[in-house]
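Chemist: Assemble the whole structure, with the sequences as input and the hints as a guide.
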Amino acid sequence: MTRTRTATRGSWRRSRWPGTRCGSNAAVYIAFGATLSIVVGQDGASRLGVGVTRFLSGSVFSMGLILVIIAGAERFTGNHLMAASRWTGRITTGEMLRNWSVVYIGNFAGSLLIVFLYVLSGLWRANGEAVGTAAVTLAAMKANLPFMEALIRGIGCNWLVCAAVWLALAAEDTMGKILGIYFPIMAFVTLGFEHSVANMFFIPLGILLKSQLAAPIAGLPDLSWEGFLVGNLLPVTVGNAIGGVVFVALPYWFVYIRGKKAESR
Numbered sequence: 003m004t005r006t007r008t009a010t011r012g013s014w015r016r017s018r019w020p021g022t023r024c025g026s027n028a029a030v031y032i033a034f035g036a037t038l039s040i041v042v043g044q045d046g047a048s049r050l051g052v053g054v055t056r057f058l059s060g061s062v063f064s065m066g067l068i069l070v071i072i073a074g075a076e077r078f079t080g081n082h083l084m085a086a087s088r089w090t091g092r093i094t095t096g097e098m099l100r101n102w103s104v105v106y107i108g109n110f111a112g113s114l115l116i117v118f119l120y121v122l123s124g125l126w127r128a129n130g131e132a133v134g135t136a137a138v139t140l141a142a143m144k145a146n147l148p149f150m151e152a153l154i155r156g157i158g159c160n161w162l163v164c165a166a167v168w169l170a171l172a173a174e175d176t177m178g179k180i181l182g183i184y185f186p187i188m189a190f191v192t193l194g195f196e197h198s199v200a201n202m203f204f205i206p207l208g209i210l211l212k213s214q215l216a217a218p219i220a221g222l223p224d225l226s227w228e229g230f231l232v233g234n235l236l237p238v239t240v241g242n243a244i245g246g247v248v249f250v251a252l253p254y255w256f257v258y259i260r261g262k263k264a265e266s267r
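In the working numbering, the protein residues as written are 3 to 267.
Since the hints were made in silico from the structure, they are not lab data. It is possible that part of the hints are untrue.
As the list claims (entries may be wrong) - Here are the in silico distance ranges between beta carbons for each label pair:
1) S123 x S226: 41 to 49 Å
2) E228 x R100: 34 to 42 Å
3) I107 x S226: 17 to 25 Å
4) E97 x V240: 17 to 25 Å
5) A173 x V257: 16 to 24 Å
6) P223 x G91: 17 to 25 Å
7) G130 x F185: 15 to 23 Å
8) S213 x D175: 45 to 53 Å
9) A217 x E97: 36 to 44 Å
Even glycine gets a Cβ: it sits at the ideal position worked out from N, Cα and C.
Modeler: Next comes the structure, spelled out in structure tokens:
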């Protein structure tokens with residue numbers, strides 16, 4: 003029961019600005035993991051095959067959530083577990099929605115910060131701009147997903163992300179937390195699911211880099227801010243909310259909180 007309360011209450015009593023700062027920190031950590039996954043995966047498919055390359059990219063991407071959980075930060079996706087606290091009356095609907103909104107804004111701000119710093123660093127020029135090319139290609143693919151596909155991929159993603167948070171909170175030591183986070187996060191990246199906070203980094207990075215590459219990429223679908231915000235971020239955000247609230251928070255609330263109350267009567 004203690005673990006359940008920890009997982010679902012989050013930090014909703016914090017003021018707006020600390021929540022925004024913690025959200026920014028989480029996005030920075032996730033963006034570091036996202037950058038690492040691009041670098042590791044940019045030339046692997048031709049050498050190792052698509053499946054192994056996606057597995058390696060997912061493995062290093064998990065560093066982001068490991069830092070979020072262990073170092074402490076707020077991410078929009080994991081905070082959907084707070085819905086269980088709303089159903090038990092520990093927080094109000096307004097407090098829950100305020101937390102989600104403030105953290106979401108903080109996540110977006112932190113992601114854009116790393117996007118600008120990474121573009122200015124010139125590190126995307128590595129390997130003959132292969133890293134930058136991989137970033138633009140990935141962003142274009144994400145921004146042009148059909149709405150329903152993006153939504154479903156968002157559901158699957160946060161189902162696994164919230165499961166990772168739950169496993170991390172169940173662990174009693176740091177190594178246990180790392181392992182609990184690693185497998186679900188590796189799985190969602192390898193499977194190709196969509197994470198709204200990660201996409202706040204991936205797609206803006208591609209948008210800024212597409213005009214910076216020395217050799218334009220032929221045959222790519224349109225990559226624009228409208229495609230990002232409407233075609234990807236909107237459905238993925240909704241999907242993430244459904245995955246976290248309906249498929250993780252709801253069943254665990256029913257089994258561990260509502261079920262315990264029913265047994266005690």
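Chemist: Now tell me, hint by hint, if it's right for this structure.
Modeler: Each hint tested on the structure:
no., hint, in the structure
1, S123 x S226: 41 to 49 Å, "24 Å, violated"
2, E228 x R100: 34 to 42 Å, "28 Å, violated"
3, I107 x S226: 17 to 25 Å, "22 Å, holds"
4, E97 x V240: 17 to 25 Å, "21 Å, holds"
5, A173 x V257: 16 to 24 Å, "19 Å, holds"
6, P223 x G91: 17 to 25 Å, "47 Å, violated"
7, G130 x F185: 15 to 23 Å, "34 Å, violated"
8, S213 x D175: 45 to 53 Å, "47 Å, holds"
9, A217 x E97: 36 to 44 Å, "51 Å, violated"
In this structure, the hints that do not hold are numbers 1, 2, 6, 7 and 9, in rising order.
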